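Asks: For the record, the sequence lines run as chains X and L. Counting in numbering that gives the first Met the number 0, the first sequence runs from 0 upward without gaps. Counting in numbering that gives the first Met the number 0, the second sequence runs from 0 upward without gaps.
Since the hints were derived computationally from the structure, they do not count as laboratory data. Nothing here was measured: the structure is a model prediction, and the numbers come from that model. Ideal placement from N, C-alpha and C gives every residue a C-beta, glycine not left out. Be aware that one or more of the hints could be misleading.
[Unchecked claim] Subject to a maximum C-alpha distance of 30 Å in a straight line, what follows is the list of computed DSS-like cross-link-like pairs (lysine-lysine): (1) X/K317 to L/K119; (2) X/K88 to L/K145; (3) L/K204 to L/K119.
[Said to hold, decoys possible] Which chain X residues stay away from chain L? Per the calculated CB distances, all over 10 Å, these: (4) M52; (5) F67; (6) R136; (7) V144; (8) A166; (9) P177; (10) D178; (11) V217; (12) G234; (13) R241; (14) V244; (15) V264; (16) F286; (17) G307; (18) L311.
[As the list claims (entries may be wrong)] Part of the chain X face toward chain L, derived, beta carbon under 7 Å: (19) G37; (20) F40; (21) F44; (22) L47; (23) F51; (24) V137; (25) T146; (26) V152; (27) F169; (28) N257; (29) N287; (30) H290; (31) A294; (32) F302; (33) V303; (34) V304.
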Amino acid sequence: MSTTTEKAAVRQDPPPRATASAGRKSRKQSMGVQNAAGWLFSTPFLVLFTVFMAFPILATLVMSFTDFGLRNVTRPWEADFIGFENYVKLFGDEKFLKSLFNTGYFVVVGVPLTIAIGLVTAVLLNNGIDRARTFFRVGFYAPVVTTIVAVAVVWRFVLDPSDGLIAGLFSEVGWTAPDFLGSETLAMPSLIVMAVWRNVGTVMVLFIAGLQAVPTEVREAAKLDGASVWQEFRGITVPLLRPTVLYATVITTIGYLNVFEEPFVMTQGGPSDSTLTVSLNMYREGFNFFHMGYASAMAYVLFVVIMGITVLQLRLLKDNTK
Amino acid sequence: MSANSSHAPAARTPAPKRRSASRPLVYILLSLGLLVMSAPFLWMGLSAFKTQSELSASPPVWIPTEWTLTNFRQLLDKLDLPLYFMNSVIVAVLVTVSNLVFCSMLGYALAKLNFVGRNKLFGLVLGALMVPGNLMLLPLFVLMSKLRLIDSYAGLVLPFAAGAFGVFLMRQFMQSIPDELLEAARMDGASEWYIFWRIVMPLVKPALATLSIFTFLGSWNNFVWPLIATNDPDKYTLPVALATFATDPNKAGGSNGMLMAGAFLVVLPVLVLFIALQRHFTQGIATAGLK
Chain X
0 MSTTTEKAAV
10 RQDPPPRATA
20 SAGRKSRKQS
30 MGVQNAAGWL
40 FSTPFLVLFT
50 VFMAFPILAT
60 LVMSFTDFGL
70 RNVTRPWEAD
80 FIGFENYVKL
90 FGDEKFLKSL
100 FNTGYFVVVG
110 VPLTIAIGLV
120 TAVLLNNGID
130 RARTFFRVGF
140 YAPVVTTIVA
150 VAVVWRFVLD
160 PSDGLIAGLF
170 SEVGWTAPDF
180 LGSETLAMPS
190 LIVMAVWRNV
200 GTVMVLFIAG
210 LQAVPTEVRE
220 AAKLDGASVW
230 QEFRGITVPL
240 LRPTVLYATV
250 ITTIGYLNVF
260 EEPFVMTQGG
270 PSDSTLTVSL
280 NMYREGFNFF
290 HMGYASAMAY
300 VLFVVIMGIT
310 VLQLRLLKDN
320 TK
Chain L
0 MSANSSHAPA
10 ARTPAPKRRS
20 ASRPLVYILL
30 SLGLLVMSAP
40 FLWMGLSAFK
50 TQSELSASPP
60 VWIPTEWTLT
70 NFRQLLDKLD
80 LPLYFMNSVI
90 VAVLVTVSNL
100 VFCSMLGYAL
110 AKLNFVGRNK
120 LFGLVLGALM
130 VPGNLMLLPL
140 FVLMSKLRLI
150 DSYAGLVLPF
160 AAGAFGVFLM
170 RQFMQSIPDE
180 LLEAARMDGA
190 SEWYIFWRIV
200 MPLVKPALAT
210 LSIFTFLGSW
220 NNFVWPLIAT
230 NDPDKYTLPV
240 ALATFATDPN
250 KAGGSNGMLM
260 AGAFLVVLPV
270 LVLFIALQRH
280 FTQGIATAGL
290 K
């Protein structure tokens with residue numbers, strides 16, 4: 000969203016204005032000082048960035064073409080290059096394909112739900128509620144800031160078939176609750192419900208900001224022309240919210256493609272790998288079994304998928320606005 | 000929304016009045032939503048104070064008849080929460096302070112200093128915003144093992160000591176500072192460091208507050224890296240300790256009461272912090288657009 004405007008802002012920035020009294024020499028001097036200062040101010044970030052981000056990103060790529068294993072943690076240079084073997088193996092690995100499918104399932108169901116509920120909540124909050132707005136906003140946003148591990152522990156209990164919250168509600172009306180997290184078909188939907196619960200607040204806040212940017216004059220004009228509330232929503236609010244929808248969809252999708260904590264704490268990937276996500280699979284291969292070359296290949300496949308989907312979403316949704 | 004569509008659009012009526020018909024419905028829907036959103040928190044808060052028999056009662060006991068601290072006592076016997084709490088605090092404070100300093104420095108350079116390569120550097124920051132953390136975990140672990148920083152605070156802090164998000168945020172805010180102000184200081188012979196530290200930093204205090212909150216919470220809630228970078232239980236952060244406890248059947252012994260007490264103690268400080276500072280959160284998201 001802000002990327003393009005930011006880049007434009009950089010280009011439009013005029014060079015520092017030298018005051019009338021400053022001659023050519025001092026302007027040149029100032030440029031020299033700013034050049035030096037600019038790089039000195041950038042150094043701490045650049046050093047940390049190079050060592051802890053740029054280097055690891057490249058190293059993951061290199062590792063993905065090797066048989067990097069446990070012994071290589073102490074002697075990395077002894078890992079052997081095996082070309083594309085890891086990548087070839089990945090696409091014959093049923094477990095990996097299943098984790099890819101599970102992650103896709105999580106995204107395909109979870110993202111539209113999160114966006115839709117976030118949008119509805121934001122529209123409701125933006126309609127005639129003034130004094131209570133902060134109260135509701137805080138309530139809906141609270142799950143976003145809480146520690147996901149603690150929240151996952153709570154949800155495990157909420158969904159507990161014998162004495163959880165849902166089981167309690169079921170028994171009040173005389174039903175028996177299913178074993179949500181123990182069922183191959185229900186475990187993933189349960190994790191999705193929890194993820195939607197946790198992320199709706201972020202999307203809602205983005206949409207509230209987007210809605211408040213819709214000029215009131217435009218709405219007033221529509222009303223004077225006799226537009227119904229629904230027409231106003233379809234004709235004015237939705238088109239103007241498109242950039243926000245695009246942005247919210249992209250960040251939610253990226254977040255969900257990386258899903259890790261929920262299955263790690265709530266189901267450990269089970270039952271029968273039905274909630275094994277790519278991130279969890281990568282963690283296990285890398286840090287439980289120390290198949291680090293193989294896990295690196297997984298990380299890069301996930302990265303390429305994320306980049307591909309992001310680019311696709313940007314294209315699709317941008318074309319729609321035209 | 001559609002509740003209003005039957006309402007004839009009266010051309011001259013001011014907007015708030017026209018909408019008032021749907022207001023009760025909006026309140027009902029929002030209240031129901033809020034109940035669903037807060038149910039897990041309420042369940043956690045109530046269950047933490049239930050006795051074992053009430054926890055497993057059927058039909059369920061919603062509100063404990065006699066509030067007990069047994070769950071908390073048992074938990075603290077089994078899990079050294081004060082230690083993990085301190086570990087989390089130390090790591091989060093170090094990460095926050097270093098982000099405030101380093102991100103502001105680069106933010107200042109990108110916003111206010113004209114130097115060769117500035118645009119490329121900014122492109123790098125934007126690119127770094129988009130890279131998923133998973134891509135770095137494996138070599139980071141190898142690197143930290145080689146540096147012997149596994150199970151150390153340095154190992155927990157260094158990978159997060161300066162984030163692209165902070166740079167982006169600080170640059171945004173610093174751009175709004177008028178160039179004339181800085182030029183005047185330069186004419187008076189102030190050094191760039193003096194201008195940055197004494198003039199710019201005090202002017203961007205609201206941004207520093209927002210960045211502190213987001214960085215502190217991000218570190219507090221971080222899980223994957225501390226899970227990988229600690230083997231020694233004495234160096235666990237709060238989420239790692241809780242997850243280890245919760246996923247090991249021998250430790251928690253299936254005691255939901257103890258787990259709810261643990262979740263309660265981990266979530267409560269964050270919730271209180273959030274409610275006290277909620278304005279900064281929503282503003283931060285609206286301006287920077289990030290979690």
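Asks: Beyond 10 Å from chain L, beta-carbon-wise, is X/R136?
Replies: violated, 6 Å
Asks: Please check whether X/V137 passes as an interface residue: C-beta within 7 Å of a C-beta belonging to chain L.
Replies: holds, 5 Å
Asks: Classify the label on X/R241 as holds or violated, using whether its beta-carbon is more than 10 Å from each beta-carbon of chain L.
Replies: holds, 15 Å
Asks: How about X/V303: closest beta carbon in chain L under 7 Å, or not?
Replies: Status violated, d = 11 Å.
Asks: When you look at the beta carbon of X/V144, is every beta carbon of chain L farther off than 10 Å?
Replies: The claim breaks: X/V144 does not keep its Cβ more than 10 Å from every Cβ of chain L (closest is about 5 Å).
Asks: Verify the interface restraint on X/T146: the C-beta must sit less than 7 Å from at least one C-beta of chain L.
Replies: holds, 5 Å
Asks: Regarding the hint that X/H290 lies at the interface with chain L, is the smallest CB-CB distance below 7 Å?
Replies: violated, 10 Å
Asks: Does the closest beta carbon of chain L sit nearer than 7 Å to the beta carbon of X/F44?
Replies: Check passed: Cβ of X/F44 comes within 4 Å of chain L, closer than 7 Å.
Asks: Return the status of the interface hint for X/F302: holds when the least beta-carbon distance to chain L is below 7 Å, violated otherwise.
Replies: Nearest chain L Cβ about 5 Å off; hint holds.
Asks: Taking the least C-beta to C-beta distance, is X/F51 closer than 7 Å to chain L?
Replies: Holds, about 4 Å.
Asks: Would you check whether X/V152 satisfies its interface hint, that is, whether its CB is within less than 7 Å of any CB in chain L?
Replies: holds, 5 Å
Asks: The hint names X/L47 as touching chain L; please verify it with the least Cβ-Cβ distance against 7 Å.
Replies: holds, 5 Å
Violated hints for the displayed structure, listed by number in ascending order: 4, 5, 6, 7, 8, 15, 16, 27, 29, 30, 33 and 34.
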